[in-house]
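Mind docking chain A on chain U? Use the hints.
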Amino acid sequence: METLAMPAINFAAIMPETILSAVAMALLLVNVFVRSEQKAYLGYLSLIGILVTFFPIVAGWNAPVELQSGFNGAVLQDNFSLFFKGIFLVSAALSILISDQYMQREGCNHGELYPLILLATAGMMLMASGTDLMVIFLGLELLSVALYVLAGFNRDKLKSNEAGLKYFLLGAFSTGFLLYGMALTFGATGTTKIAGIAAYVAANPMITGNQMFLVGMLLMGVGFSFKIAAAPFHMWTPDVYEGAPTPMTAFMSVGPKAAGFAAFLRVFMIALPAYKPEWSALLWVLAVLTMTVGNITALFQQDIKRMLAYSSIAHAGYVLVGFVAGNAVGTAGIMFYMLSYAFMNIGAFAIILLVGRKGEPNNNVADYAGFGFKHPLLGLAMSIFLFSLAGIPPAAGFIGKFYIFSGAIQAGYIWLAIIGVLNSAASVYYYLRVMVFMYMKDPVEEFDWLKVTPAHALCLLVAVAGVLIPGIVPGYLLELAQKAVFF
Amino acid sequence: MLEYVWLIPLFPLLGAVFNGLLGKKIKNEAVIGGIATLMIFCSFLVSCGILMQLIGLPAEERVFEKVVFPWIHSGNFKADMAFLVDPLSAIMIMVVTGVGSLIHLYSIGYMHGEEGFYRYFSYLNLFAMSMLLLVLGGNMLVMFIGWEGVGLCSYLLIGYYFHKKSAGDAAKKAFVMNRVGDFGFLIGLFTLYWWLGSNHNVWTINFTEIKAASSLLPYGGVVTIATLCFFVGATGKSAQIPLYTWLPDAMEGPTPVSALIHAATMVTAGVYMIGRMSFVFVKAPDTMMVIAIVGAATAIFAATIGTAQNDIKRVLAYSTVSQLGFMFLAMGVGAFTAGVFHLMTHAFFKACLFLGSGSVIHAMHHALHHAHSHDDPQDMRNMGGLRKAMPITFITFLVSTIAIAGIPGFSGFFSKDEILWQAFANPFHGGLNIFLWGTGAIAACFTAFYMFRLVFMTFFGECRITAKSKDHLHESPLVITIPLMVLGFLAVFGGYVGMPKLLGMLPNYFEHWLEPVFATAQGYAQTYVHAGAHHSHALEWGLMGLSVVIAVIGIAIAYILYIASPSIPARFTATFPALHRAVYNKWYIDELYDFLFINPCKALGSFLWKGFDVLVIDGIVDGVAKVVMGLSGMLKNLQSGYVHNYALSMALGVVVIIAFYIFR
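In order, the protein sequences belong to chains U and A.
All you need for this note's numbering is the position in the first sequence, starting with 1, plus 1.
All you need for this note's numbering is the position in the second sequence, starting with 1, plus 4.
The shape of chain U in the complex, shown without the other chains (with noise of 0.2 Å):
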């Protein structure tokens, strides 16, 4: 019907994605000749690959149109993936540094673990820059299964071998009905090509009325939901963040959910705004539930790593709110928090992995008593992480959230911002918790056995700086975001 104009393939499109692809292949390979106690340098290579691939995301910022869309507009590495690229190379890179501590006293270093991090990364590239439904299923497919793997990395232990049989079970689950959810979308269009729905329906108005789209649009939106842990479907989360290896908790927690989201955002607002009335009605009862039931049941967690795990459910839920406001303000508010999101919680999870010892992971509340006094620099750092999740000023997390916030109210959603600022004042009590034991109570251990490796220093390091710096100075930050919006 067409003339063949358009480039049918534009590799510049998927750079980063075929950077980081190949260099985990050779990893693979390379893996076969490094020696156990020696697979730190494989993390050191794949941190090269990540470095080496911020060059094309920097490199295709405001790119022309004609170059950013490729593969017959089945991929389309807009400002708005590139963001999000950004956040996974971000947490990707920060989880790489704190795994070969962890890895090591575990005794699970296996050389595998750095592959399959970079082909997660993959693939939640190809969900964030897909605009075909197939893409973003086949991105989606691609980090599950390596995020399957990860979950239960640790292959000796009990724990880490459930999450990782939970993960995958419920997440098969979840699939089944996404992909359905798409099959339906078709279905009811003809197409699978976001920009494709969006001119159907545009040219069939009525098709709105049709059940099978409905249910299309609905089963979508669950399958995504799941994803990003969004209440209802969030009950897998704590049991997979509990058991999963601490540096693949930290992981797991951003950069898919952060994926999620990008794929989430694309697919409903610009395939499917004509069902904003009503995905918009489910989101807003979605985002109260998920903030709700996140922060309250974190408030009587013991286990450090089960309290995070539902504040990271009460984040998506504040995050959802961003998306329920349909702005450009909003919108944005989500990609700067979920990069704000990448640092604090990651930072976090640093910490909590150098408090276990082998055998002795040290996650209860408990376990922290008199820590900042042991060790004050390390007492700060998880002070401000605590902090930022809190959303008290002038840490990042504050930022994003007011950010958030007041694209809801400008949207007229005034009640869910009252709500979500409701929720966020809760959810300080447990995040206080944490730094009650650390600065007023006595403490009970020595904390002798912390050794801060150069590598988890770094991490540290960037991470406290990337929830100060944009605290403090948001406006660059907040201008790229802005800049990042589709619409």
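No lab work stands behind these hints, which were simulated from the structure alone.
The structure presented is a predicted model; accordingly, all values stated were derived computationally and were not measured.
Keep in mind that the hints are not guaranteed to be accurate.
Said to hold, decoys possible - Each computed PhoX-like pair below joins lysine-lysine, with the alpha-carbon atoms no more than 20 Å apart:
{"no.": "1", "chain 1": "A", "residue 1": "K169", "chain 2": "U", "residue 2": "K442"}
{"no.": "2", "chain 1": "A", "residue 1": "K29", "chain 2": "U", "residue 2": "K375"}
{"no.": "3", "chain 1": "U", "residue 1": "K442", "chain 2": "A", "residue 2": "K215"}
{"no.": "4", "chain 1": "U", "residue 1": "K375", "chain 2": "A", "residue 2": "K82"}
{"no.": "5", "chain 1": "U", "residue 1": "K277", "chain 2": "A", "residue 2": "K82"}
{"no.": "6", "chain 1": "U", "residue 1": "K484", "chain 2": "A", "residue 2": "K82"}
{"no.": "7", "chain 1": "U", "residue 1": "K442", "chain 2": "A", "residue 2": "K176"}
{"no.": "8", "chain 1": "U", "residue 1": "K452", "chain 2": "U", "residue 2": "K359"}
For chain A alone, kept in the frame of chain U given last:
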């Protein structure tokens, strides 16, 4: 000088960072305390320069906004890191840095030898920085950051002696109550922002811009909601009914902290905030009435509790709550100038009283320690006759007490009398005025009573500690007494800048100074208040005389009960045991809150915990335990147990969502 306003919060920040990072290594108390004090003193000098420059400008040009850097700009939303200098914030920075410098200096002596000396000064500087951000903030967001910051520092400092469980509990209580208030603040901010934006396309949180747009705001309606939310914020921060119970508990912190944070500065933030947004508040007559009533009720309620406390700091704490009530009463009747005036004089005399009590506790502690006695150094029943041993502390304490009691010629008289007069004569609340005035006047009588009770029990009569301890009672060192003397001087003479017109000896500089700040608010008030009844000078003289008489009566009762015939209080307690118990136990408000809020929350918590944690989480633990027994059991356990449940909940969610949309 105005250009350099950003230096004011910067100095204490530098001090906090310096001591926080290096203090532990330095260990030298003189260096640590010296740097912290020097930093806040530098801020004081800059503030003086700014005040001088403002005075040099014509009245209508005394507004200056300094954008330090653009902060958040996006579409409609704009918030800069901006400072607003006007007569109101100029007064506040003078009080914060001036009183702050004195209290820093005092702390060097008071905290001598304490563990974590550097930590203390780092927090104290950090507090000063946050407080200065709060008062200088040019928009609500900067103010909010200061607002959160002072709450945090207050939390850290109340919990300074964290080895004591009570200190940790008090810190948590303060933080949680403050968070309730912060929540109100944010909701108010959002409501105002949303209403102005969606109705008039004025998307702003900048004070100057809101002021310019304030004529668009309706009277009542949404403004009432927004201002009530802001007021919830103020009650949390400024310890008003119902969120006041944290302040007396906050006395667990070191005494200079009580003086600086819990008397002179942070707790007045709510009053300041209302003053800063007077042009919004005045458009909500219902809110104004709520503020006035809550203020008056708090004033009298806390004053009654103050009469039965035996811990010297607790008396002062309830006194602070009560005096803050007076300030809110002033704000609620539209007498913004009087409220801010009382804020300032209160900062002088209450800081002096707290520091004086610190000096007494310091001496008592020392004396009791030498005699190996385990009596409570803060309990007034162990004191008595201290005036001979500690003359400077005594005299400064006495003049501040006279000031707070409202004896003419002392600072507290001018400000309190102005508030009472405005409560009586304001045109806002019609028939309520007599009630507001009466409540205030009775509260003033109680104030005079409990303060002189404190002075008599502490400084007069027979010394009630053992002779052995008595020999070790000494006046505190100069580093402690110099701040006392300066504050004592201000407690006497600080009021002369705002002498009532009626007395006519000096022009009321204070009122003229603040006139441009509150002019907009006064303008709005006039459009909905029917011209207030004109009151004669005779009436004003009469009320003034009456309030003096009231104060004297309070003092006289205290004299009779605690000097002339000290047996009466015991007999009174014996005759009315229930009343005394009720007052002594602070009207059982803490217990009531426990019953109403804390216990239900705990019950809900334990329900969720038992229902959810025990069933689901412990279930998993059990499951894992079984897994250990045989790997073969794993799949079964995971599948038939919890994964199944999770999957079921997901499926249910899907069914509910789809059913809702299909059958709606």
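Hint-by-hint comparison with the structure:
1. A/K169 to U/K442: holds (9 Å)
2. A/K29 to U/K375: With Cα atoms ~15 Å apart, A/K29 and U/K375 stay inside 20 Å; holds.
3. U/K442 to A/K215: violated (47 Å)
4. U/K375 to A/K82: Violated, at about 42 Å.
5. U/K277 to A/K82: violated (28 Å)
6. U/K484 to A/K82: holds (16 Å)
7. U/K442 to A/K176: holds (13 Å)
8. U/K452 to U/K359: holds (13 Å)
The structure fails to meet hints 3, 4 and 5 from the earlier list, while all remaining hints are met.
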